[in-house]
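Asks: Chains as they are written, first to last, in this note's numbering: chain X, 1 to 136; chain C, 1 to 136; chain V, 1 to 388; chain Y, 1 to 388.
Some hints could be false.
In silico SDA-like pairs for lysine to any residue, Cα to Cα no more than 20 Å straight-line [claimed, not checked]:
(1) X/K9 - Y/G19
(2) V/K305 - V/R322
(3) C/K9 - V/T20
(4) C/K9 - V/W18
(5) X/K9 - Y/E316
Covered by chain V, per the in silico footprint, the following chain X stretches (three or more residues, Cβ under 8 Å) [stated by the list, open to error]:
(6) 15–27
(7) 37–51
Here are a few chain V residues that sit away from chain Y, every Cβ distance over 12 Å (derived from the structure) [stated by the list, open to error]:
(8) E84
(9) R159
(10) Y160
(11) Q166
(12) I213
(13) A234
(14) S278
(15) G355
Rather than coming from a laboratory, the hints here were simulated on the basis of the structure. Where is the CB? At the ideal position from N, CA and C, for every residue including glycine.
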Amino acid sequence: MSVPRFWRKIRQRYNLEGTRCTSCGRTFYPPRSFCPDCRRAGETVPFRFRGRGEIVTFTVIRTASDAFAQQTPFVLAIIQLEEGPRVTGQVVLEDVSEARIGMRVRPVFRRIGTEGESGVIYYGTKYVPDVPYPDA
Amino acid sequence: MSVPRFWRKIRQRYNLEGTRCTSCGRTFYPPRSFCPDCRRAGETVPFRFRGRGEIVTFTVIRTASDAFAQQTPFVLAIIQLEEGPRVTGQVVLEDVSEARIGMRVRPVFRRIGTEGESGVIYYGTKYVPDVPYPDA
Amino acid sequence: MRDVAVIGIGCTTFGEKWGTSFRDLFLEAGALALEDANLSGEGIDALYVGNMSAGRFVEQEHIGALIADYSGMASRHIPSTRVESACCSGGLAFRQAVIAVASGLEDVVVAAGVEKMTDVETSTSVDALAAAADREWEGFVGATFPGLYAMIANDYMHRYPLTREQLAQVAVKNHYNGARNPIAQFRSEITIDTVLRSSLVADPLRLFDCSPITDGAAAVILAPLERAREFTDAPVRVLATAQASDTIALHDRRDISTLDATVVAGRRALEMARLTPSEIDLVEVHDCFTIAEICAIEDLGFCRKGEGGRLTEEGETALGGRIPVNTSGGLKACGHPVGATGIKQVCEVVQQLRGDAGRRQVEGAEIGMTHNVGGTGASVAVHILGRA
Amino acid sequence: MRDVAVIGIGCTTFGEKWGTSFRDLFLEAGALALEDANLSGEGIDALYVGNMSAGRFVEQEHIGALIADYSGMASRHIPSTRVESACCSGGLAFRQAVIAVASGLEDVVVAAGVEKMTDVETSTSVDALAAAADREWEGFVGATFPGLYAMIANDYMHRYPLTREQLAQVAVKNHYNGARNPIAQFRSEITIDTVLRSSLVADPLRLFDCSPITDGAAAVILAPLERAREFTDAPVRVLATAQASDTIALHDRRDISTLDATVVAGRRALEMARLTPSEIDLVEVHDCFTIAEICAIEDLGFCRKGEGGRLTEEGETALGGRIPVNTSGGLKACGHPVGATGIKQVCEVVQQLRGDAGRRQVEGAEIGMTHNVGGTGASVAVHILGRA
Ligand SMILES: [Zn+2]
Ligand SMILES: [Zn+2]
């Protein structure tokens, strides 16, 4: 990822900063400047997510692009945040086979990937188990 | 340029091998497998160009992409081959200001460029003055 | 709007075609389609080409002009337009061509699709394909294309009855069909065991759940229905064209296991053609992964949600079944040159409606459907074709 | 076919917009256009977007879906299609939108263009732009985009009377106009000396002969003419849409200094509108380089071949001249976000026909033309617009 593209959303990536529609109250992460429900009638303001939630679905990525090749296998999940939206993120587990739908997770700040050409390391949000695992 | 893309046309690039329509006799370089005049009625066969010709127009490239940055300034020209088609190629001159429209040129086998990421060097055809320069 | 007919089709063989360049691929398909329509190329009024990522795969944009030129049409300066919608690029190129003819602006139009994917290394093509999903909020955290469909599969299997064997049966059926299709990339039959023993790519999807990396091109020629018989004895009528969009990111969908864009495009197409799913004789669906075919046949209305696995297991989607799905072998066995797939689907349906599909012929096929998906369902094109 | 009208326009400011992402750029233009048409977004039936190379610039394809989504239209699943034709992508997106409305298939359609070019380094963008020409047989030997137009300039100057000063005057005039356009990237006037003293890029073209690298987006909204007054008091009618192709490589052209695709598209457009060049009140031409504007005004028929330099020197293409060219500032001064340029040209002409162009207003403008070129002339779109 080019440096400007990463830098532009660094606050949003580091701090889980999304947006909230002041008209209908809907929250957005990734951030949206335009509420699809209220359209021009709405206005969005920054909204910081705590980021706790649960796994809606997941997979174990075993073949990745170059930037993520060294991290395989890793768990990728869609997470339902308590505060409304769903996000895609990695779940850090000791054993990838521990991932379960319904697992509670919380965010942590981690290294995300390495840019092939430049070797630049990108940081952002990953997730870790939050409470004792539910029975599978 | 990816290795397969270069390798696929290596004979055409090294040997100035184009094609010739057996129906109307028109020659093509770069090679075409389909004669735009005869269409389905024509058939094309390989045709090797001697590559002598004259400069129709030219420029001196002073800002280039990474693969050619080390070669600037260099003369780029459109050359009218004696055998029919026009081609784009570099003209190797001691002084880039010597380039002239109408200058006679002949082909030489040279290093063309360097691939940024891989460092692979590509070879192909460049042009050099063929006969004493015409007065400008 | 005028009625539109397909008057010619052409398709390269699909596969890893190391000796064939991007422009040669298109030319081969285009020449076959012209021959099929008894045209010399002089009669073509316009060209639309679907291509996803020549910018990444062969570092070339401006594909419309390139292809018009190498087809020998630059001297007549015909309009030539590239359409991109990830893996749905071919379907949308077909749709734009249909609209151009239907509007009355153009008469004889080529709709083509082409993708040259094997000039770059696999890791580069994995990354290029990830550009069909949300690069900033999916790709950035490591999502691959198989990974996103794997998350659909896990969500689906958590909520509906679908066994790992039923999922594998999709691939088994499509290889069976591909073995009967001369252009298919994979022409050998496989068993459920082949799938289950192949390596995991993104759990639960294994290598044989995934469509391959493919070079290929396909072209069809369209004309006003009223002029179709000037060119062919077996014109095929375009009964409906429909297109729908959805969120680019999978996590933003209303329902992870239902492709709403498929539901909406399918419904719009059936309404336009005034048909019900039971009147469709065969369908080419977008099986980029086995789970995608299960979702597609449900979302298009061929069975209820959750019944796709059973329908497949019982052979209802196989040749001879109630609704043959992917008689071409689908993306799985025929191959998936992303920009060409939507056009190849049309070629297959036309062959079936003409009765020219040989050992994979659906007896008495009169109406066929194509279903082409971009990304994980952010774009969908559905077309219905019928014997004219 | 139905008559089509432009009912709304919107354009971001053009420039190096480091703080603005690809998707934010589009949103800004789209919101402005909706507001201009008194629409909330609910009434939009389809979307076409022109974009050349998001695959290279921001590693994202599937632009149509992305943009429908972030505009809040994914929940209504509207069709959204990306069109690519290098620097002519915007012009062709507009054309597809016109065809969609003219056909009767759609009523209210957005045509947009967007390019985010400054996220990559200059050498990367030079290489990405070279993908508009023939990568294998021009780019491979070191051709850059300025280099190809420089060869047009040298051929032209060898055969026709054109002084270096006349060429510079194109840039001087366009900066004069840009200084009067609030969205322009460069808003300061320059002199002939500014051009002649700037550094050589590709002889004889200097830095101030070249259009810049630009971020920007533009959007227009189309509707059937018969419904236009539901949305606006000042609809602008689309009098003609035309498109032509030519060889991808400059060396294969019939004549290096004549863009045959411009000649053909221009002629087709004038025929469609039943107009002659003298009836056009202003024209936005594709001045990616100063020489391109000279060729364009000749090839479109505003003067004879070889007279473009004199026409420019005599002020006939300036504000107040016989045929004002590039009142927006053109690509040179307004900026050139490649996929957006063709749509921005339409925005400028609509502003002029509405009488809303402020200090750059062409008095009494009733009919305007846009001319958008892909590559070195392998694709051209020409549109004619008139007060409705
Ligand atoms: Zn809201
Ligand atoms: Zn011939």
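Asks: Now tell me if each hint is right for this structure.
Replies: Verification of the supplied hints:
With a C-alpha separation of about 9 Å, the suggested pairing of X/K9 with Y/G19 holds against the 20 Å cut-off. In summary, the hint linking V/K305 to V/R322 is supported, as the alpha carbons are separated by about 17 Å, within the 20 Å threshold. Pair hint C/K9 plus V/T20 holds up; C-alpha atoms about 10 Å apart against a cutoff of 20 Å. Taking the CA atoms of C/K9 and V/W18, the gap is near 11 Å; set against the 20 Å cutoff, the hint holds.
A C-alpha spacing of about 48 Å is found between X/K9 and Y/E316, which places the hinted pair above 20 Å, so the restraint is violated. With a cut-off of 8 Å between beta carbons, the segment 15–27 of chain X has 0 residues touching chain V; three or more are needed, and the interface restraint is violated. For the segment 37–51 of chain X, the stated coverage by chain V is violated: 0 residues have a C-beta nearer than 8 Å to a C-beta of that chain, whereas at least 3 were required. With a minimum CB-CB distance of about 5 Å to chain Y, V/E84 fails to clear the 12 Å threshold, and the non-interface call is violated.
For V/R159, the requirement that its beta carbon stay farther than 12 Å from each beta carbon of chain Y is met, with the minimum near 22 Å. Distance check on V/Y160: its Cβ is at least 23 Å (rounded) from any Cβ of chain Y, clearing the 12 Å threshold; non-interface status holds. Even its closest Cβ contact with chain Y, about 29 Å, leaves V/Q166 beyond 12 Å, as expected for a residue assigned away from the interface. Consistency note on V/I213: stated as away from chain Y, and its beta-carbon is indeed over 12 Å from all of that chain's, at 16 Å minimum.
For V/A234, the condition that its CB be more than 12 Å from all CB atoms of chain Y holds, with the nearest at approximately 26 Å. Under the 12 Å C-beta cut-off, the non-interface status given to V/S278 relative to chain Y holds; the minimum distance is some 24 Å. The beta carbon of V/G355 sits about 31 Å from the closest Cβ of chain Y, which is more than 12 Å, so the claim that it is off the interface holds.
When each numbered hint is compared with the structure, violations occur for hints 5, 6, 7 and 8.
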